[in-house]
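4 protein chains.
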Amino acid sequence: MIIQLDSHISAPQLSALEEALNKIEYKTNRVTTQYADYIIGVGNKPFDIRSIGILPGVRDIHRVSDAYKLVSKKWRVEDTRISLGDGLEIGTGSFSIMAGPCSIESAAQVEETIAHLKAAGVRIMRGGVYKPRSSPYAFRGLGMEGLKLWHEKAREAGIKIITEVMMVEQIEPMLEYVDIFQVGARNSQNFNLLDALGQVDRPVLLKRGISGTIEELLQAAEYIFSNGNERIMLCERGIRSYEGAYRNTMDINAIAMLKAKTHLPVIADPSHGIGLRQFVDKIALASVMAGADGVIMEVHGQPEKAFSDGQQTLSYQEANRLYSRLRQAFELREQF
Amino acid sequence: MIIQLDSHISAPQLSALEEALNKIEYKTNRVTTQYADYIIGVGNKPFDIRSIGILPGVRDIHRVSDAYKLVSKKWRVEDTRISLGDGLEIGTGSFSIMAGPCSIESAAQVEETIAHLKAAGVRIMRGGVYKPRSSPYAFRGLGMEGLKLWHEKAREAGIKIITEVMMVEQIEPMLEYVDIFQVGARNSQNFNLLDALGQVDRPVLLKRGISGTIEELLQAAEYIFSNGNERIMLCERGIRSYEGAYRNTMDINAIAMLKAKTHLPVIADPSHGIGLRQFVDKIALASVMAGADGVIMEVHGQPEKAFSDGQQTLSYQEANRLYSRLRQAFELREQF
Amino acid sequence: MIIQLDSHISAPQLSALEEALNKIEYKTNRVTTQYADYIIGVGNKPFDIRSIGILPGVRDIHRVSDAYKLVSKKWRVEDTRISLGDGLEIGTGSFSIMAGPCSIESAAQVEETIAHLKAAGVRIMRGGVYKPRSSPYAFRGLGMEGLKLWHEKAREAGIKIITEVMMVEQIEPMLEYVDIFQVGARNSQNFNLLDALGQVDRPVLLKRGISGTIEELLQAAEYIFSNGNERIMLCERGIRSYEGAYRNTMDINAIAMLKAKTHLPVIADPSHGIGLRQFVDKIALASVMAGADGVIMEVHGQPEKAFSDGQQTLSYQEANRLYSRLRQAFELREQF
Amino acid sequence: MIIQLDSHISAPQLSALEEALNKIEYKTNRVTTQYADYIIGVGNKPFDIRSIGILPGVRDIHRVSDAYKLVSKKWRVEDTRISLGDGLEIGTGSFSIMAGPCSIESAAQVEETIAHLKAAGVRIMRGGVYKPRSSPYAFRGLGMEGLKLWHEKAREAGIKIITEVMMVEQIEPMLEYVDIFQVGARNSQNFNLLDALGQVDRPVLLKRGISGTIEELLQAAEYIFSNGNERIMLCERGIRSYEGAYRNTMDINAIAMLKAKTHLPVIADPSHGIGLRQFVDKIALASVMAGADGVIMEVHGQPEKAFSDGQQTLSYQEANRLYSRLRQAFELREQF
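Residue numbers (full-length UniProt numbering), protein chains in the order written: chain A, 1 to 336; chain B, 1 to 336; chain C, 1 to 336; chain D, 1 to 336.
In short, the hints are calculated from the structure, not lab data. Because the structure is a prediction, the values reported are computed rather than measured. We put the beta carbon where it would ideally sit given N, CA and C, even for glycine. Honestly, I wouldn't trust all of these hints.
As the list claims (entries may be wrong) - A few chain B residues that don't get close to chain C, going by computed Cβ distances all over 12 Å:
no.	residue
1	M167
2	F191
3	E216
4	Q311
5	R327
To be verified - With a straight-line Cα cutoff of 25 Å, these simulated DSS-like cross-link-like pairs (lysine-lysine) come out:
no.	chain 1	residue 1	chain 2	residue 2
6	D	K153	D	K305
7	A	K305	D	K23
8	D	K27	A	K305
9	D	K118	D	K45
10	C	K305	C	K118
11	D	K45	A	K305
12	D	K73	D	K27
13	B	K74	B	K45
14	B	K74	B	K118
15	C	K45	C	K148
16	B	K45	C	K27
17	B	K23	B	K148
18	B	K305	C	K27
19	C	K305	B	K27
20	D	K27	D	K45
21	B	K23	C	K305
22	D	K305	A	K27
23	A	K153	A	K305
24	A	K148	A	K160
25	D	K305	A	K45
26	C	K45	B	K305
27	D	K305	A	K23
28	D	K148	D	K305
29	B	K305	C	K148
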């Protein structure tokens, strides 16, 4: 059950409300986000919804039978749009492209990428400065130094930054340099990290776990929302299957289903989704038709020399062709 | 190695050729299809391809390192198009729609479906008369009787028939009533059935196994081709994954990859692919963008009353909307 | 619902019974096995079980809510033991070892294997004469000729034969040479084959599909049982998972669960289960602890020269050591 | 390549060594553990191993072609045994039992559990004070307060504590109260946490990811080892498969394979492995036969009232029966 509170609810009214909920055996969770105050009631006893709805201080009340509540479309029917400032918005009705290298490698690389994005009308740049790597002996990213040099050039160019955060301690130092925090697949159930990202004033792109279910992804988003941050995007990036012909198995079904289950924007990651450069375009275009609100993809001036993920990274020329096709496909979809 | 033979190769020339192959330790398989004679050589010793290519009776010779040979695009670069007669062709460059009920239920149902398809310009009707069912106590189809009544009405209307064959003994009685034989997911490695379908003069639509790999699907097609039948379509129909939110997990990646690996047409089955009516349209449209040459989908006048698979079956109205969108998406794709 | 009929039920009594079942909206399936006559009622209306149980000709009646009925332990609490003649029985309370090569290759190989088995006190020999192979160009077995030479030597030695049947037409010619028919993983949902094997007087070992569920395996067994053959063993042989370190992923859980769900014997196939010779012994021993009633395993005089599956086949020496350990582990388990 | 350094290597000798490695294009990683100093060289150029081995300050040098180095059995042939003090050791040659509730709930529960363990001769108690939960609204553990009360009673009783740590910040406060840190499946690729646990003086039990590969698990262990902590145990706790009949699919194969690939102890978690109380005993016993060096299992005075995981938790009586069987099975295995 989700109860939205009046902004001027009094302390005695709040106590009375919580008492009423306890009486019908609902555990209460107080949630305060950027936009509103809520009480989330968790229980399974039948009760008369009007008996609660009528109490002073209650703006509205909804039953939500899903395990996830605040991110469910059963509660909030209208899709969430996330503003990045400068007129840039992500969500139903527009199509967002985020592109850039797997890893931030050098100032020259950042400049070159920004030039490419500007020319192509792409306004959000991806790139890793903290890299989760299977082996401890692999390149793990340039860290804060890389982020700062990137930020300086991106700000000048009016380009927004999305980058992965791997641990709670990194959030604060990164905060002023980041426009969107990305949570990677390996951290999709790092609940402490989700808690902490629920308390910062930045949008979060949350990737599905390597073998995460739809349900788990939505509950992970619920962690962020219930800690106070409503600005969440979900990202399908391929799952682990028995099929060894691809790096991952892009689960196009998840995009279609997530758009029906939640009001949050859904982003496709075709680069990791199939993990093979040759097929990134087809998977990206398929994602548009399945309902994605945007893509996040890997591009590099010389993919074969990239520090990481070269085999799934597009060249600028390939990327330009794909941006154009994505926009055409989106336009067609919007007419449907 | 694939050697195409001259049509007028002499017996002594053939013997000499086989001897030469044995000398370099290649096992030979003689293949005669509707269109040509081949020898498939299987071995892994290095050799000078010219020493074989120069022999009398050899039209051409190719090395093919894949485990599948005749279905590989490494050998035949040009995509296969399959003619069904009456100007109807399946393959790269056109988009084929096959639609109809899961099960053939009655003459009235067949008539109604045909009327729907005619009005929509759909020329191939799907329907099951032999149904593979998990439980022995479930409806298993109307059998030959159902096929005959269907065929009578379809022929009148100029509609082609695709239907599933489950065992070798069914092939001969079904032959004159069927335009395309379908091999279901559960029989995708029923090698005796594949052998037998290689020997009949009908196109075959071969579905990927429930957890079949790309490689296994192509090798299953090789069974049909190497028995003499070049007219094969491959079908992605969803795989089994850990995700329980859908009936199957449509593997959009397979469509993209199959189009790169083989010259055979690739058909998408969005109905089984996700198994939920609400999402069939998005999955079908995604399949077009991934490169599918057509779709096979379930439609029914009253899905909720269908004998089987109602939960993934579109109504006529939903289907009409989807046909139109599929054609628009295909048109856009062809411009890319 | 399962109704066992009196052996002397009269035709009018039977009609009355079927009518009563139709009245409560249960579809009836008549089943006649080697041992008894049954009516399987499929429906989901609540009813008073006594109103049916009281009818003349009814020996007993049970509700079985599983989708599978006759193979369920909810109906038949006592475990099934299958006699192979000569005092040889398979099922709870004894431990059966079936061993032999993947493929029958020659008379000499058969003789050598039999000598090994005799010395080790193993009374059932496995071997393939019809081989399901991914590639059409691979060795597909010696066929009937191989079976006949095998049978001649096995009969002399008092060794029983288990071998795979791949299609309905093979059953009749194979029948007199076979003691147990094996259905392979690729045919575990070849329903026509299951139907036919329900009508022959030989035990059947039914392997789980490559990605078959517990439920599907039990329903496949129900096909055989409901066609008249109660003598069925189930076999866990590894499933397909994302893990590429093994050929298959032996699902030890399935053994434990099958023993709880069904009264049929459960056999483990550690050779295919993990597919790596080095680990066959540990997986076999683990299967004993999980509750298996026996193992089927690949042995060969020179595994590295076997026509097929050499990488998962034990030498005679390795096998002898394992037989002894299996018997000790079984003995310990029986004390628990 | 792993180079163990002389403990009295001089700075100039070290520089010379690193220079020599750079010259043959090996990236060097300096590793200092509780027990020794190493240089891990990562590269793939062929070179003469003697040219490095001969350098002053090198104690020995090994080539290790696996992606993981220090945890590989190719380098360290002898199995690692981990001492917990008080004569308690974990590893090849002994069998360790760790048992206790899913969550620490109260002082009374802790006392009761300790009494049960003492009576049964079990010396390590498991229990969660920080609980990873899919839903933000579920019980997340008693935290430090719970750990402290537990520790007080455990120390008195001479019982060791194993408990899960979820984030870097928790390590330091937990350190003095914990005998073994557990890393849960959801954190198995939380690389920052692994880094940090490599720097503390406590053994770590590292669980396999929910769909983690053998390779990923070993590389995760390499993170801990290469940060300085050699005392690591690996834990198989069931993987995610398509089979919905169990909570997880215990991968018995992993136990057998890990024992062959690494010198680290391997522990089985049958409670999570199958997730159903009725089968925990069989899965635990199977794990012994597959080669496990111990089990970690959930027990509770009243499983049906446990705060979490009750459906997979044994009662004291069930647990006692299982401890005895495990010891018998281990004894038999040691005779093999």
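Could you tell me which of the numbered hints above are not met by this structure, giving the numbers in increasing order? Numbers 1, 2, 3, 9, 14, 15, 16, 17 and 29 - these are the hints that the structure violates, sorted from lowest upward.
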